[in-house]
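Protein chains in written order, with our numbering: chain B, 1 to 323; chain E, 1 to 622.
Everything labelled a hint here was simulated from the structure, so no lab data went into it.
Treat the hints loosely; a few may be bogus.
[Unchecked claim] Straight line, CA to CA, 25 angstroms or less: simulated DMTMM-like cross-link-like pairs of lysine to aspartate or glutamate:
1. E:505 - B:49
2. E:238 - B:102
3. E:572 - E:601
4. B:80 - E:158
5. E:238 - B:283
6. E:481 - B:58
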Amino acid sequence: MMGMVVRRLIQLPIILLVIYTVTFALAWALPGEAVVNDEGRQPPAAVLDAIERQYDLDSPYRFYYRYLYRVTGLRFVVEKMKGAEGNPGPYVFNLGPSLKYEDWNVNEIIGASLPVSVVLGLSAMIIAVGIGVGAGVLGALKPNSWLDLSTLLVALIGISLPSFVIGTVLLIVFPVWLGWGSVGGWGEPGQIIWPALTLSLPFAAYIARLTRMGMIDVLHSDYIRTARAKGVPEHGVILKHALKNAFLPVLSYLGPATAFAMTGSFVVEMVFNVPGMGQHFVDAVRGKDLFMIMGVTLIFSAMLVIFNLIVDVMYRWVDPRID
Amino acid sequence: MKKMLGVLFVLLVALGAAVAADRPLPKADLTIIERTEFNTLDPQRMSYIHDNRLSYAIYETLVRWDTYGDFGILPGLAQSWEVADGGVTYTFHLDPKGKWSNGDPVRASDFVFAWRRAMLPDTAADYSSLFFTIKGAEALFDWRSDQLEAYALLPERDRTAGAARELWDQTLAHANETVGMSAPDDHTLVVTLERPTAYFLDLCAFSPFNPVHPPTIERFTFLDRASGRIQQDYQWTKPRNIVCNGPYKPKSWKYKREMYLVRNPQFRDPSIGYADTIRIIPINDPNTSVLSYETGAGDWTTDVTVSYLADMLEQKKESERDNIHAFSTFGTYFWSFNCRPRLGDGRDNPFYDPAVRRAFTMAVNKQEIVDKVKRSGEKPAQVFVPRGSIKGFESPEGLHFDPVRAKQELESAGWIDRNGDGVPENAKGEPFPVVSMLYSTGSYHADIALAMGRMWKKHLGVEVSLDAKELKIYKDMLKKKDYMVARGGWFGDYGDPTTFLDLHKTGDGNNDRGYSDPKFDAMLERAANEVDAEQRLRVLEEAERYTMEETLPILPIWSYNYYYMYKPPLDKDGNPNLGGLRGISMHPRLVQYLWLLDVVDEEDVREAQRAKLAAGAEESAR
Numbered sequence: 001m002m003g004m005v006v007r008r009l010i011q012l013p014i015i016l017l018v019i020y021t022v023t024f025a026l027a028w029a030l031p032g033e034a035v036v037n038d039e040g041r042q043p044p045a046a047v048l049d050a051i052e053r054q055y056d057l058d059s060p061y062r063f064y065y066r067y068l069y070r071v072t073g074l075r076f077v078v079e080k081m082k083g084a085e086g087n088p089g090p091y092v093f094n095l096g097p098s099l100k101y102e103d104w105n106v107n108e109i110i111g112a113s114l115p116v117s118v119v120l121g122l123s124a125m126i127i128a129v130g131i132g133v134g135a136g137v138l139g140a141l142k143p144n145s146w147l148d149l150s151t152l153l154v155a156l157i158g159i160s161l162p163s164f165v166i167g168t169v170l171l172i173v174f175p176v177w178l179g180w181g182s183v184g185g186w187g188e189p190g191q192i193i194w195p196a197l198t199l200s201l202p203f204a205a206y207i208a209r210l211t212r213m214g215m216i217d218v219l220h221s222d223y224i225r226t227a228r229a230k231g232v233p234e235h236g237v238i239l240k241h242a243l244k245n246a247f248l249p250v251l252s253y254l255g256p257a258t259a260f261a262m263t264g265s266f267v268v269e270m271v272f273n274v275p276g277m278g279q280h281f282v283d284a285v286r287g288k289d290l291f292m293i294m295g296v297t298l299i300f301s302a303m304l305v306i307f308n309l310i311v312d313v314m315y316r317w318v319d320p321r322i323d
Numbered sequence: 001m002k003k004m005l006g007v008l009f010v011l012l013v014a015l016g017a018a019v020a021a022d023r024p025l026p027k028a029d030l031t032i033i034e035r036t037e038f039n040t041l042d043p044q045r046m047s048y049i050h051d052n053r054l055s056y057a058i059y060e061t062l063v064r065w066d067t068y069g070d071f072g073i074l075p076g077l078a079q080s081w082e083v084a085d086g087g088v089t090y091t092f093h094l095d096p097k098g099k100w101s102n103g104d105p106v107r108a109s110d111f112v113f114a115w116r117r118a119m120l121p122d123t124a125a126d127y128s129s130l131f132f133t134i135k136g137a138e139a140l141f142d143w144r145s146d147q148l149e150a151y152a153l154l155p156e157r158d159r160t161a162g163a164a165r166e167l168w169d170q171t172l173a174h175a176n177e178t179v180g181m182s183a184p185d186d187h188t189l190v191v192t193l194e195r196p197t198a199y200f201l202d203l204c205a206f207s208p209f210n211p212v213h214p215p216t217i218e219r220f221t222f223l224d225r226a227s228g229r230i231q232q233d234y235q236w237t238k239p240r241n242i243v244c245n246g247p248y249k250p251k252s253w254k255y256k257r258e259m260y261l262v263r264n265p266q267f268r269d270p271s272i273g274y275a276d277t278i279r280i281i282p283i284n285d286p287n288t289s290v291l292s293y294e295t296g297a298g299d300w301t302t303d304v305t306v307s308y309l310a311d312m313l314e315q316k317k318e319s320e321r322d323n324i325h326a327f328s329t330f331g332t333y334f335w336s337f338n339c340r341p342r343l344g345d346g347r348d349n350p351f352y353d354p355a356v357r358r359a360f361t362m363a364v365n366k367q368e369i370v371d372k373v374k375r376s377g378e379k380p381a382q383v384f385v386p387r388g389s390i391k392g393f394e395s396p397e398g399l400h401f402d403p404v405r406a407k408q409e410l411e412s413a414g415w416i417d418r419n420g421d422g423v424p425e426n427a428k429g430e431p432f433p434v435v436s437m438l439y440s441t442g443s444y445h446a447d448i449a450l451a452m453g454r455m456w457k458k459h460l461g462v463e464v465s466l467d468a469k470e471l472k473i474y475k476d477m478l479k480k481k482d483y484m485v486a487r488g489g490w491f492g493d494y495g496d497p498t499t500f501l502d503l504h505k506t507g508d509g510n511n512d513r514g515y516s517d518p519k520f521d522a523m524l525e526r527a528a529n530e531v532d533a534e535q536r537l538r539v540l541e542e543a544e545r546y547t548m549e550e551t552l553p554i555l556p557i558w559s560y561n562y563y564y565m566y567k568p569p570l571d572k573d574g575n576p577n578l579g580g581l582r583g584i585s586m587h588p589r590l591v592q593y594l595w596l597l598d599v600v601d602e603e604d605v606r607e608a609q610r611a612k613l614a615a616g617a618e619e620s621a622r
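Given only the sequences and the hints, what does the whole structure look like? Please build it.
This is the structure in structure tokens:
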């Protein structure tokens with residue numbers, strides 16, 4: 001197992017380099033100029049040129065290498081070695097400035113929004129596992145009963161309805177009409193629960209399907225019959241023996257799903273004004289904020305790789321037969 | 001299973017801890033819902049409305065506007081000033097009580113420092129050009145630009161830290177010698193202008209003219225060896241570093257979450273400011289911003305742009321809602337004509353001919369667009385400078401909707417329907433090219449384009465196509481003049497017609513139309529050299545008339561409105577309304593000083609009740 005972990009960690013930088021190169025090529029090809037204000041007045045042309053030069057926006061080659069030089073921490077190390085002459089800057093891995101929000105750099109923005117996304121994504125996944133596994137088990141106990149069909153229906157709705165519809169409905173019904181929780185801020189549990197619920201529903205639906213299929217399979221296997229024969233009570237059979245194996249496919253889905261919930265929550269963030277990371281994917285591309293595009297893509301890719309690794313490790317831990 | 005539950009438990013505890021560790025600050029006395037996050041707190045680099053609004057709370061400049069009156073000039077940090085030498089020399093006398101939030105006195109030299117930043121290309125200020133009214137400022141900008149350009153061409157080994165430093169020292173010396181700003185003592189600022197500028201005091205009230213604290217800026221400034229430029233680390237604007245001189249100072253600034261202001265204990269006049277704490281939440285999504293206002297998250301929503309705005313205004317008309325407010329403001333919504341002889345693809349541009357532009361202008365029924373398409377109470381505009389927004393400036397009539405004259409104008413330009421198919425042709429028999437209308441997606445522009453296109457087809461017989469583009473691409477095409485007609489808009493910055501008219505100047509950075517007219521340029525030049533303020537306005541009126549009745553580089557549609565949400569300060573019976581917002585300025589310039597805003601609290605309501613009771617008792621005693 002250690003071998004696998006080490007191997008994967010060595011692969012990580014290579015994967016990131018490939019992703020960086022592809023993202024850079026795509027982002028550079030975006031039309032428009034990053035330094036031009038979207039609305040309102042523009043600084044003189046000489047100033048715009050100077051800014052472009054400062055950020056290496058005038059040469060793709062220079063941008064590519066200089067960015068790599070900074071983001072890998074090489075620049076930090078080199079400048080540190082120069083001693084008093086050098087200027088290493090505040091960050092080891094420097095993701096550069098934000099071209100749109102001039103007082104912030106990408107490190108700060110990700111540092112502020114990633115924890116929010118992690119809280120939102122984790123809350124959503126916990127809710128999703130709770131709802132999904134519960135509904136899946138109920139459905140599997142009596143396949144094709146009304147209970148099974150109604151959980152199926154709910155799951156179908158959860159998957160098919162886009163989150164801006166679910167989100168807006170939840171927002172209007174609970175905080176606006178009933179006054180439960182509030183909108184527009186972040187930090188209070190009442191502000192976290194509704195976006196988390198909205199974000200969780202599609203995942204919950206998928207988990208319910210996975211659990212139901214897994215349970216139906218497992219409930220027909222020999223060792224369950226043996227358990228029942230030796231007199232294990234029914235709830236023990238289901239929770240202790242059947243669910244343990246039926247949960248494995250859910251577990252392998254949880255890795256990428258968690259990473260996705262933490263970063264792919266653009267719509268939910270917009271509807272509930274959650275200051276998370278998902279919005280930056282869209283905003284940065286729209287504003288051709290190159291440093292921001294690179295920053296969020298690299299962080300997201302790294303997260304995806306690491307979450308998959310964690311799931312693989314957990315897989316082996318839950319089911320020692322796999323190696 | 002137990003293992004999984006263990007993991008789940010650990011996750012839940014971690015989550016709970018993360019939420020508990022990141023609690024929001026307590027509710028503030030005044031909570032504002034802004035349309036988006038602030039771009040910068042550096043006054044010299046500001047240009048967005050919400051940035052400016054914040055700057056008036058955390059900085060104090062020489063003078064301020066009378067926002068409840070006619071927008072005249074009131075003393076600020078400068079308690080008095082003299083104008084001499086025929087309007088060229090301004091001497092300001094600063095309040096000696098002025099202090100920075102760290103206790104340092106505000107010195108006249110701090111203004112010299114701040115304004116010089118705005119004049120240098122290094123700072124990349126959006127508003128450098130406003131400072132070019134000051135003597136030697138534009139020359140300094142050019143001088144430094146040339147110097148940096150020459151430096152950038154030097155071989156790598158010559159571009160050393162020492163060389164960059166020497167360059168910077170030269171720049172400072174050059175600025176001291178040539179730019180018309182000086183601080184003979186700590187409380188006296190003398191400014192010499194290039195020529196008399198009627199609106200200079202108005203500029204002095206504008207946010208880029210705020211002072212900054214030089215030691216703080218210098219701490220975060222370094223010389224870039226490669227380019228020779230002075231560069232700044234904008235960490236100086238973060239609450240832990242920033243030093244400001246306004247009635248408030250930032251206590252916490254969380255990206256896209258909140259800006260939290262508290263009173264600046266060092267402010268020279270502790271009586272200023274009603275709220276002790278101000279919280280500003282940026283909410284990008286228009287619908288969410290309205291809904292969060294509805295749930296009581298804020299006292300004032302500064303920019304309502306939801307698609308159901310018209311319905312909200314309708315509800316107000318029927319007294320079902322009292323918290324939406326429309327204000328006419330200092331901006332104009334228009335469509336640009338490409339005024340270059342050729343289009344982006346090399347074809348002849350029919351809109352090069354002013355007669356064609358006049359025809360297209362008169363074929364648009366703006367009243368109908370405002371009433372039936374936009375539906376949110378804007379006033380149709382026939383001119384560029386919003387009517388009545390500048391004291392002493394009489395707007396011309398402009399061109400009104402007149403389909404018959406429109407058709408005649410088009411025919412006078414040679415576009416006549418020669419073969420009876422309804423589409424006008426030129427002398428060579430070529431039909432009028434399909435008019436491509438460029439706009440950015442995600443707003444009401446498509447509806448407006450559809451309506452205008454229909455009118456052009458009906459009254460002029462031309463074919464129209466819509467060209468919707470993402471904002472960045474739209475902007476790029478506009479800059480490259482790669483369009484026929486395109487949507488546009490402009491808000492004025494200072495109380496003078498040139499804040500609008502400069503847009504038509506040949507080569508102006510914001511002249512997206514490529515309009516170039518020596519006659520118009522000469523008029524602006526004449527106005528600039530006119531010493532008599534009255535006479536100067538007459539020249540500018542003529543310039544506005546010329547562009548709005550004869551040459552039409554733009555087709556003005558309406559004067560912009562701004563929509564706020566707040567509870568009115570008084571209820572229907574004239575009693576204080578708990579949670580209502582007092583102090584909103586309704587002048588079209590629409591500058592709101594946050595320290596003049598006051599939320600009606602229980603104390604105000606009780607006081608009013610007591611006063612009422614006392615009045616009642618007096619009445620009955622009589």
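### Message
Please verify whether residue 572 of chain E and residue 601 of chain E have alpha carbons no more than 25 angstroms apart.
### Response
holds (17 angstroms)
### Query
Does the structure keep residue 238 of chain E and residue 102 of chain B at a Cα separation of 25 angstroms or less?
holds (12 angstroms)
### Task
Could you grab the alpha-carbon distance between residue 505 of chain E and residue 49 of chain B and see if it respects the 25 angstroms cut-off?
With Cα atoms ~22 angstroms apart, residue 505 of chain E and residue 49 of chain B stay inside 25 angstroms; holds.
### Task
Would you mind confirming whether the straight-line C-alpha gap from residue 238 of chain E to residue 283 of chain B stays at or under 25 angstroms?
holds (23 angstroms)
#### Entry: Straight-line alpha-carbon gap residue 481 of chain E to residue 58 of chain B, limit 25 angstroms
Holds - the C-alpha atoms of residue 58 of chain B and residue 481 of chain E are around 22 angstroms apart, at most 25 angstroms.
### Query
Is it true that the CA of residue 80 of chain B sits at most 25 angstroms from the CA of residue 158 of chain E?
Given that 25 angstroms is the threshold and the Cα spacing comes to 23 angstroms, the pair holds.
When the structure is compared with the earlier hints, no violation turns up for any of them.
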